[in-house]
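Student: Here are the chains, one letter per residue:
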Amino acid sequence: MISRRDFFAMLGGGIVVWMVDDADAQESGGGARRGMNQAMPEQVSAWLHIGEEGTVTAYTGKVEVGQNARTSLTQAVAEELRVPVASIRMIMGDTTLTPFDMGTFGSQTTPRMWPQMRKAAAAAREMLVDLAAQKWMVDRASIQVADGKVTAAGKSAGFGELTQGQKLTRTIPASEALTPAAQWKVAGTSVPKINGREMVTGAHKYAYDVKRPGMLYGKVLYPPQFGARLVSLDSSAAEQIPGVKVVRDTFQIGREGAGPDLVGVVAPDPQTADRALAALKAQWKPVTGATNSKDVYAHFKQTARGGAVESPGLVPYTVAYIAHTPLEPRAAVAEWDAGGKLTVWTGTQRPFGVKSELAQDLGIPEDHVQVLMPDTGSGYGGKHNGDAAVEAARLAKAVGKPVKRNWTREEELTWAYFRPGGLIEVAGKVTPDGTLTHWEFHNYNSGPSGLQTPYEVADKKEQVHQADSPLRQGSYRGLAGTANHFVRESYMDELAHSVKIDPLEFRLKNLKNERVRNVLMAAADKFGWKGRKKTAGHGFGLAAGMEKGGYIAAVAEVSVTAGAVKVLRVVQAFECGAVVNPEQLRNQVDGAVAMGLGGALFEQIEFADGKIQTNRLSRYRVPRFADMPVIETVLVDRKDLVSAGAGETPIMALAPAIGNAIFDATGQRLRSMPMAPKGLTGV
Amino acid sequence: MARITQLDVNGAKRRIDADADRTLLSVLRDDLDLTGTKYGCGEGQCAACTVLIDGQPTKSCLTKVGTVAGKRIVTIEGLAREAELHPVQQAFLDAEAMQCGWCTPGMILGAVGLLQRTPHPTDAEIVSGMNGHICRCGTYPRIVAAVREAAKKGGRA
Ligand code: FES
Ligand code: FES
Numbered sequence: 001m002i003s004r005r006d007f008f009a010m011l012g013g014g015i016v017v018w019m020v021d022d023a024d025a026q027e028s029g030g031g032a033r034r035g036m037n038q039a040m041p042e043q044v045s046a047w048l049h050i051g052e053e054g055t056v057t058a059y060t061g062k063v064e065v066g067q068n069a070r071t072s073l074t075q076a077v078a079e080e081l082r083v084p085v086a087s088i089r090m091i092m093g094d095t096t097l098t099p100f101d102m103g104t105f106g107s108q109t110t111p112r113m114w115p116q117m118r119k120a121a122a123a124a125r126e127m128l129v130d131l132a133a134q135k136w137m138v139d140r141a142s143i144q145v146a147d148g149k150v151t152a153a154g155k156s157a158g159f160g161e162l163t164q165g166q167k168l169t170r171t172i173p174a175s176e177a178l179t180p181a182a183q184w185k186v187a188g189t190s191v192p193k194i195n196g197r198e199m200v201t202g203a204h205k206y207a208y209d210v211k212r213p214g215m216l217y218g219k220v221l222y223p224p225q226f227g228a229r230l231v232s233l234d235s236s237a238a239e240q241i242p243g244v245k246v247v248r249d250t251f252q253i254g255r256e257g258a259g260p261d262l263v264g265v266v267a268p269d270p271q272t273a274d275r276a277l278a279a280l281k282a283q284w285k286p287v288t289g290a291t292n293s294k295d296v297y298a299h300f301k302q303t304a305r306g307g308a309v310e311s312p313g314l315v316p317y318t319v320a321y322i323a324h325t326p327l328e329p330r331a332a333v334a335e336w337d338a339g340g341k342l343t344v345w346t347g348t349q350r351p352f353g354v355k356s357e358l359a360q361d362l363g364i365p366e367d368h369v370q371v372l373m374p375d376t377g378s379g380y381g382g383k384h385n386g387d388a389a390v391e392a393a394r395l396a397k398a399v400g401k402p403v404k405r406n407w408t409r410e411e412e413l414t415w416a417y418f419r420p421g422g423l424i425e426v427a428g429k430v431t432p433d434g435t436l437t438h439w440e441f442h443n444y445n446s447g448p449s450g451l452q453t454p455y456e457v458a459d460k461k462e463q464v465h466q467a468d469s470p471l472r473q474g475s476y477r478g479l480a481g482t483a484n485h486f487v488r489e490s491y492m493d494e495l496a497h498s499v500k501i502d503p504l505e506f507r508l509k510n511l512k513n514e515r516v517r518n519v520l521m522a523a524a525d526k527f528g529w530k531g532r533k534k535t536a537g538h539g540f541g542l543a544a545g546m547e548k549g550g551y552i553a554a555v556a557e558v559s560v561t562a563g564a565v566k567v568l569r570v571v572q573a574f575e576c577g578a579v580v581n582p583e584q585l586r587n588q589v590d591g592a593v594a595m596g597l598g599g600a601l602f603e604q605i606e607f608a609d610g611k612i613q614t615n616r617l618s619r620y621r622v623p624r625f626a627d628m629p630v631i632e633t634v635l636v637d638r639k640d641l642v643s644a645g646a647g648e649t650p651i652m653a654l655a656p657a658i659g660n661a662i663f664d665a666t667g668q669r670l671r672s673m674p675m676a677p678k679g680l681t682g683v
Numbered sequence: 684m685a686r687i688t689q690l691d692v693n694g695a696k697r698r699i700d701a702d703a704d705r706t707l708l709s710v711l712r713d714d715l716d717l718t719g720t721k722y723g724c725g726e727g728q729c730a731a732c733t734v735l736i737d738g739q740p741t742k743s744c745l746t747k748v749g750t751v752a753g754k755r756i757v758t759i760e761g762l763a764r765e766a767e768l769h770p771v772q773q774a775f776l777d778a779e780a781m782q783c784g785w786c787t788p789g790m791i792l793g794a795v796g797l798l799q800r801t802p803h804p805t806d807a808e809i810v811s812g813m814n815g816h817i818c819r820c821g822t823y824p825r826i827v828a829a830v831r832e833a834a835k836k837g838g839r840a
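Listed in order, the protein sequences are those of chains A and B.
The working numbering numbers the first residue of the first sequence as 1 and each following residue consecutively.
The working numbering numbers the first residue of the second sequence as 684 and each following residue consecutively.
These aren't lab readings, by the way, just hints derived from the structure by calculation.
These figures come from a predicted structure and were not determined experimentally.
Just so you know, even glycine gets a beta-carbon here, dropped at the ideal spot from N, CA and C.
Keep in mind that a hint or two might mislead.
Between beta-carbon pairs, the in silico distance windows are [to be verified]:
| no. | chain 1 | residue 1 | chain 2 | residue 2 | range |
| --- | --- | --- | --- | --- | --- |
| 1 | B | Gln739 | A | Ala564 | 28 to 38 Å |
| 2 | A | Ile2 | B | Ser811 | 47 to 57 Å |
| 3 | B | Glu765 | A | Arg248 | 28 to 38 Å |
| 4 | A | Glu505 | B | Arg764 | 41 to 51 Å |
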């Protein structure tokens with residue numbers, strides 16, 4: 001493993017630009033040219049290197065999980081440095097080579113990392129202009145940078161030529177000026193996915209695919225129930241299998257439900273590891289009295305911290321636990337070197353978080369750990385921690401060889417964390433002319449994201465109540481935004497119907513926020529809301545909202561035939577400031593519809609007696625081709641506004657739009673997500 | 684236990700030494716380093732593990748390696764000819780029919796098989812022909828568009 005210091009020494013000549021947070025840059029004299037061997041400043045968020053041969057390499061702690069950050073960040077560099085996209089290398093999520101980053105979540109890559117990449121590239125460009133001005137003794141203003149070349153008055157040089165022999169470093173503050181969106185040439189266009197070719201040829205190596213010399217395969221024994229404790233273990237049969245080593249170890253940090261002990265097997269091939277795991281005879285102390293997926297909503301209320309709120313007018317809605325089900329399950333390969341340093345390849349949205357987790361769990365200094373994150377088979381908020389990484393590292397340490405620990409689908413659907421389930425109780429009052437006068441909203445367990453109503457209402461109360469979660473829970477695309485939007489926008493529909501006002505009109509009447517209004521009207525226009533014609537068994541519904549700097553509206557058409565719900569058409573309008581890459585943005589917004597459909601209609605974790613019953617894809621239904629509606633997406637491009645992220649908010653308005661359409665079709669108000677796991681009864 | 688010592692993969696005879704009842708998926712990935720074939724469920728639900736066996740899309744997680752000795756196996760790594768992508772691969776790229784790409788190899792091989800059976804499918808035939816494949820990122824409409832485009836261009840099977 002090389003250290004960061006070695007790495008910078010190895011970089012050789014050229015230009016290095018360090019992008020730092022403003023405060024830090026000021027203290028360290030930001031903006032000034034630095035000397036040859038200047039130490040790297042603190043608080044660096046990105047860096048960029050132009051080599052003597054003119055190669056451009058950018059480094060970020062952000063990672064690629066399918067949301068296309070690799071492409072959009074490359075566009076940022078290409079835009080400001082005036083070089084073709086294809087000539088830029090983007091190093092992501094390598095805890096040694098890239099700067100610290102909290103993680104890739106919360107739709108923060110575009111609002112935060114994207115401008116920083118642009119600033120680093122813009123600074124490098126200006127340094128090249130300075131070099132050319134000195135070398136050719138011409139006025140800076142006469143120098144052009146385009147297509148990877150610097151030119152002026154008949155002279156032309158590649159980036160590398162200008163830096164020859166020198167090593168120039170510069171630290172720049174986050175306030176560096178940028179090319180305005182209206183003048184973008186590469187940013188704002190549909191640059192194709194950078195490594196698409198590796199994906200269609202099978203060449204891209206995901207964490208699941210990593211292989212190291214001498215590598216062995218590890219499996220871990222999990223209890224038959226959440227929280228069951230190991231009483232005794234007879235591993236003699238497993239140990240007799242040639243090549244097998246049984247490992248018993250202790251996790252240093254808590255694993256909710258999994259028990260404190262790590263019991264694993266390591267074998268030369270995955271089949272032998274499976275056989276060895278099956279040969280372990282374990283006795284467990286069972287857990288009794290755990291709640292189940294039917295009673296869990298009452299459980300949330302019973303366990304609410306500070307007590308539940310009881311009021312006769314409150315209408316209960318529920319939202320089930322669901323699983324991210326990234327198609328590539330958790331995976332890691334861990335390798336220790338002779339000096340006690342650990343390298344781990346794993347698919348995670350928080351490589352630096354996993355690095356800390358590993359250091360803490362294995363009791364080694366952080367600088368002894370390197371985490372590498374190959375572009376991963378998706379996450380959706382579900383790969384924030386180092387479950388597989390810690391297991392691989394412990395097993396590898398015990399056997400003194402690199403160990404691969406790939407989770408199975410059953411493990412992923414049982415032992416990963418889930419999107420929280422929730423009980424949400426809501427009440428509202430509306431005058432006969434449709435003015436919202438009172439709003440009360442209590443969310444038990446699912447969380448605060450998207451809690452606040454965008455509607456104008458004088459008297460409102462919105463509260464999150466923490467409660468006991470029987471299942472391990474965590475982030476999910478949009479966090480609680482989906483749950484809170486489902487309830488708010490379904491209940492707004494209830495209120496509109498209670499005073500017999502068109503749901504669109506009712507919303508607009510109570511809505512001042514221009515950006516929400518705009519997407520709502522854009523979606524309704526494109527859908528043809530005003531001219532919609534109801535036929536038997538068909539219904540129309542709409543919903544809107546805002547979160548994380550994104551504004552979303554959805555309009556859905558459904559049919560209900562003999563209890564079967566089919567979503568026929570969805571129109572979404574989405575606005576997230578200036579659009580960075582229209583085609584990839586569409587891909588995200590459409591993908592959110594596809595994914596959101598599952599949670600809206602049929603996805604739910606069923607559990608009882610400390611066991612997950614939906615522990616396979618044959619028991620946990622996710623959306624398929626045949627579930628897809630016609631999807632139409634309207635992108636509202638606001639070149640005058642800063643770009644926000646887009647991976648999450650487009651999932652939030654879909655479920656209520658569908659629920660409202662089902663109500664329109666059948667008169668049934670569905671107040672539980674999923675709304676129709678087994679179809680509807682009574683229609 | 685019976686052992687399998689040779690497989691015909693991507694036009695080459697590959698030497699292996701595997702129990703006949705191991706899955707083809709594992710032999711491809713773990714023994715032959717052909718990791719373009721993906722695992723998603725191990726129970727026939729997702730089709731991420733699809734390969735072509737004598738031209739037929741087949742779920743390699745449910746296929747015992749003993750049943751395919753002597754048959755022609757094509758994985759995603761064997762689809763392009765030199766630098767030239769297969770038309771279905773090209774169509775997936777052109778349509779941006781992927782996000783994380785984990786489902787992509789299986790989708791492409793499934794589509795190649797579909798177009799062999801039905802060279803000019805309707806959208807409904809694409810949907811029913813591909814419905815066994817899961818894309819968790821939800822790029823389904825783009826995949827339908829890619830298959831439609833590949834069919835339009837015809838091209839080699
Ligand atoms: S891995 Fe074979 S069908 Fe899912
Ligand atoms: S692109 Fe991610 S699963 Fe299909």
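Student: Now tell me if each hint is right for this structure.
Tutor: Structure-based check of each hint:
1. Range check, Gln739 (chain B) to Ala564 (chain A): about 32 Å between beta-carbon atoms, so the 28 to 38 Å window is met.
2. Distance hint for Ile2 (chain A) and Ser811 (chain B): a CB-CB separation of about 52 Å, consistent with the stated range 47 to 57 Å.
3. For Glu765 (chain B) paired with Arg248 (chain A), a C-beta distance near 51 Å fails the hint of 28 to 38 Å.
4. For Glu505 (chain A) and Arg764 (chain B), the hinted distance range of 41 to 51 Å is not satisfied, since their beta carbons lie about 59 Å from each other.
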